[in-house]
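If you read the protein sequences in the order shown, they are chains A and B. Heads up: the first sequence begins at 1 in UniProt numbering, then just goes up one per residue. Heads up: the second sequence begins at 1 in UniProt numbering, then just goes up one per residue.
Warning: the hint list may mix true and false statements.
Said to hold, decoys possible - Some chain A residues flagged as far from chain B (calculated, every beta-carbon gap over 12 Å):
{"no.": "1", "residue": "P9"}
{"no.": "2", "residue": "A119"}
{"no.": "3", "residue": "P168"}
{"no.": "4", "residue": "P311"}
{"no.": "5", "residue": "G438"}
{"no.": "6", "residue": "P520"}
{"no.": "7", "residue": "M523"}
Stated by the list, open to error - Quick list of in silico lysine to any residue cross-link-like pairs, SDA-like style, CA-CA up to 25 Å:
{"no.": "8", "chain 1": "B", "residue 1": "K246", "chain 2": "B", "residue 2": "E60"}
{"no.": "9", "chain 1": "A", "residue 1": "K508", "chain 2": "B", "residue 2": "Q263"}
{"no.": "10", "chain 1": "B", "residue 1": "K310", "chain 2": "A", "residue 2": "R153"}
{"no.": "11", "chain 1": "B", "residue 1": "K367", "chain 2": "B", "residue 2": "H270"}
{"no.": "12", "chain 1": "B", "residue 1": "K310", "chain 2": "A", "residue 2": "G152"}
{"no.": "13", "chain 1": "A", "residue 1": "K508", "chain 2": "A", "residue 2": "K173"}
{"no.": "14", "chain 1": "A", "residue 1": "K173", "chain 2": "B", "residue 2": "S32"}
{"no.": "15", "chain 1": "A", "residue 1": "K508", "chain 2": "A", "residue 2": "R462"}
{"no.": "16", "chain 1": "B", "residue 1": "K78", "chain 2": "B", "residue 2": "R91"}
{"no.": "17", "chain 1": "A", "residue 1": "K173", "chain 2": "B", "residue 2": "K170"}
{"no.": "18", "chain 1": "A", "residue 1": "K508", "chain 2": "B", "residue 2": "L312"}
As the list claims (entries may be wrong) - Derived list of chain A stretches under chain B, where covered just means 3 residues or more per stretch with a C-beta under 8 Å from a C-beta of chain B:
{"no.": "19", "region": "340-352"}
{"no.": "20", "region": "388-397"}
{"no.": "21", "region": "513-519"}
Rather than coming from a laboratory, the hints here were simulated on the basis of the structure. Virtual Cβ for every residue (Gly too), placed ideally from N, Cα, C.
One letter stands for each residue in the lines below.
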Amino acid sequence: MQANAKITPSTLSLKDLPWQIDWSRDKCTLCGQCTAACPVNAIELGVFRKRIVEVDINAATQPGNIYKVYHGIRQRTDPAYHCVGCGMCAMVCPNDAIMPYHNDEADKLRFHLNRGGQAERRGGRRNAPAGVLDQIKFTRISMLTDPALDAGRHEFEMRALLGRILPPEENMKRVREHGWVPPVREIYPLIIGGMSFGALSPPMWEGLQMGVAYLNEEMGMPVRISTGEGGCPPRLLRSRFLRYVILQIASGYFGWDEIIHAIPEMKVDPCAVEIKYGQGAKPGDGGLLMWHKVNDLISAIRGVPKGVSLPSPPTHQTKYSIEEAVAKMIQSMSMAWGFRVPVYPKISGTSTSLAVLNNLSRNPYAAGLAIDGEDGGTGAAYNVSLDHMGHPVASCLRDCYLNLVKLGQQNEIPLFAGGGIGKNGNLAANAAALIMLGASGVQVGKYVMQAAAGCLGSETRRCNICNIGLCPKGITSQDPRLYRRLDAEDVAQRVVDMYVSFDTELRKIVAPLGRSTTLPIGMSDALGIADKAAADRLQIQYVV
Amino acid sequence: MCRLIAITSDTPQSPMTALNALDVMREGHDGSGVGLCLRDLGGPLEEMKDEPILSGIFTESGIRRLDGYMINLGFLTKYKISIKIPKVPPRGVPKRDMYLIRAYEYPEEWADMDQAEKEARLVNIRLALQEMGRENQDMIVFSFWPDTIMIKEIGDPLTVGKYLELGNEKLNARIIMAQGRQNTNYAIDLYACHPFFIQGFSTMTNGENTAFVPIREYLKSRGEPGYTGFYSDSEVFVHILHYTLKHLGLGVDAYKHVITPLQDGDLESHPNGDFLTHLKRTCRKLIIDGPNCVIGLLPDNTMFMTQDRKKLRPGVVGGQSGTWAFSSEVCGLDYVLPGRDKHTDFQPMHLDTAVVRPDRREVHICKQMQRLPRLH
């Protein structure tokens, strides 16, 4: 039998979609809130026809049919409008009449998300729930000679140093001779990683900044936040709060006109300057802000036309090689602030990270190295990069740290690790594991979105539409109708909650290990893992 | 937890005094081992203050290898103290062939050598002998340095002392450091027994150093041949002391600022705050996380006691002009100096370093919040 509509290769049934909407006609009051809230228009109002068999009580009369129509919700099967499983429909439904469910088999949609020859792009993370960080245990608990410390009562000084640390002899010589000593910042070891002003909505950005300011000024926690590429609102550049901010520059140089012009008017120096060479979520790719999010404000701050996609090239275009780029960028940025501001590169975790590190170890102006592993998040990337490219952060960081140990330069170039820290919710444990593997501190982005703003994205491919400006929670959208859903004050409150609770958990980890006066950087004797290969690779204990 | 006793006195004392004091404190140690460092020696070795003394434990074949090696280097034996040991050791003490204490004459070609070169060579010889001993299990070398004797053995301190007849007057010394208990945190190794020694610096401690691994990694990478061994998590204290004084040229007052720096708020109001902030940042890898009471000795025979930041370990200093004792328990102090004025006993707290200079006139207390002496 011929179908009465044309069936194309991209004609999908509900069964082919990753998320299926379960809607209950009995509970639905037809208020229409779900269809209004759906960011991708995956559901629409539908008119359905039904047949009722009518049997007369009088047996002599033949049964008949009545045809009626009723109104309800229909899920669209067009790949362009596929359900992303965000669950906003369920969140707004007054009667619990609707809910997305994950398909019980691999969906077919993935074969059709490249319409018009456009490879799939999305935000979020790699969407692989497992990871080595969660398997690491802290095995060296002080029990015999040294009783465990009390996380609630002892004093703790959990501070990371950001900036080049000279060898003690050299530092003393320079102090004696009034020479230049590289700037060093004492910061909290959990940094909010680079999420740009274009990627985040105004209330999200404002909420993060307010939260960070509160943590610094009221809670005494020197928390720092990176701007990501894309500049900074001019008002912030000229405020005293700039000291809590790490300005990021990437190969697009977006927003740097504003920053350079603001230098003479800056009341305080920024915490640091981070030069982004790579991002763990999409190693080898530059940043990508898709046109959906480039509105008036973003175009003004970035100095670009409105409504065009803003890809940063993967390399700094003015430079020939990474050695040259690192050296020149670090030196010129240092010089711009009179050598008072630490400047360091951020690279994606790859097998070539060691080469970059070796390069930095010989560069007297390099203030550190941030390494972003494969589980890092992004506002927009090609799916293939997100899912299949990159290096896990644990072994990449460990290699770099052990290399510094070999050179006798451990912690002279502080290493900051990012990428998937806390992706399963174990933020403090993951951070502590990385610190004991050799990191001076860690960077988190996605966790902050999830904890502070209620980002719905998950490791099972939920939502992931940060790129098209339709963030259902208003976190990564520049559309006022969406971002009004987010209250900056609430975000700030959650940022503070997140940090204070992280601090408690971190103490609960380091206190039983007997550490309190300094971060346990490189304390690898405390770590164990029930995976022989991982234990050998990371040079930690194998425990079963 | 270990028990410690250190004595510095104008008149040479018997090491047995220290071992008896350890015995008074025995409820704090399990009798699993003892370590002794004797300096500013009395007896016959007093006349040979500048000659290097080798101390260690040897087998018959080890001593032959040692002789061959030392003669090759041009060292001649000048004096030796024989320790006669009964054929059967007491229970818990291993059987050894020979405990060696031997003073050497420098080779002739060393005569014109400057002090630093001499000191570096002495360390290298000690390390070479230790290495040779490790290969064949026939030599255990504790020290090779002028005016220094070190003895370490497994077993109850007092029993070991009697067995080795350490009451022998030839072993009397003005400075005695003794520790009871073997290393228990890692594999048992005689080298892991306190006190530890490098180029005239010596430390011993009660407690555990939880920051051991990163500190060891950092010290090993400093390029100093003597920063080796690390059989105990506390061995790093003597190397940090050596590093602070020899490499950084700072005084004993600064040692505490390296191992347990002040917190940021205190640094802001400190008269040397700027310098100490630099020191804290650059020496961050050497910060101990305790808990430890450290008793240390400098090459000029200055003795000190200091505490970890949290002050989680006991330690007390007492005595009178001419004789002072540093002990982990007051009862140990009472045994050594029963007649002292107990009101002047001092228990260093988390900011203190108690120092007795070589003149042994008084206990000087360095407080971490005080101004540091000017650097020269």
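Against the structure, the hints come out as follows:
1. P9: At roughly 59 Å from the nearest Cβ of chain B, P9 of chain A sits farther out than 12 Å, so the non-interface label holds.
2. A119: Nearest chain B Cβ is 45 Å from A119 of chain A, so the label holds.
3. P168: The assertion about P168 of chain A is violated, with a minimum of 4 Å to chain B.
4. P311: 40 Å, holds
5. G438: With a cut-off of 12 Å, G438 of chain A comes too close to chain B, as the shortest Cβ separation is near 9 Å.
6. P520: 7 Å, violated
7. M523: Violated: least Cβ distance 6 Å, not greater than 12 Å.
8. B:K246 to B:E60: 37 Å, violated
9. A:K508 to B:Q263: 21 Å, holds
10. B:K310 to A:R153: 11 Å, holds
11. B:K367 to B:H270: Roughly 11 Å separates the two Cα atoms, so the pair holds.
12. B:K310 to A:G152: Roughly 14 Å separates the two Cα atoms, so the pair holds.
13. A:K508 to A:K173: With a Cα-Cα distance of about 39 Å, the restraint between K508 of chain A and K173 of chain A is violated, given a limit of 25 Å.
14. A:K173 to B:S32: Violated, at about 45 Å.
15. A:K508 to A:R462: 32 Å, violated
16. B:K78 to B:R91: 34 Å, violated
17. A:K173 to B:K170: 46 Å, violated
18. A:K508 to B:L312: Roughly 19 Å between the alpha carbons, so the hint for K508 of chain A and L312 of chain B holds.
19. 340-352: Three-residue rule not met by the region 340-352 of chain A, so violated; n is 0.
20. 388-397: violated (count 0)
21. 513-519: holds (count 6)
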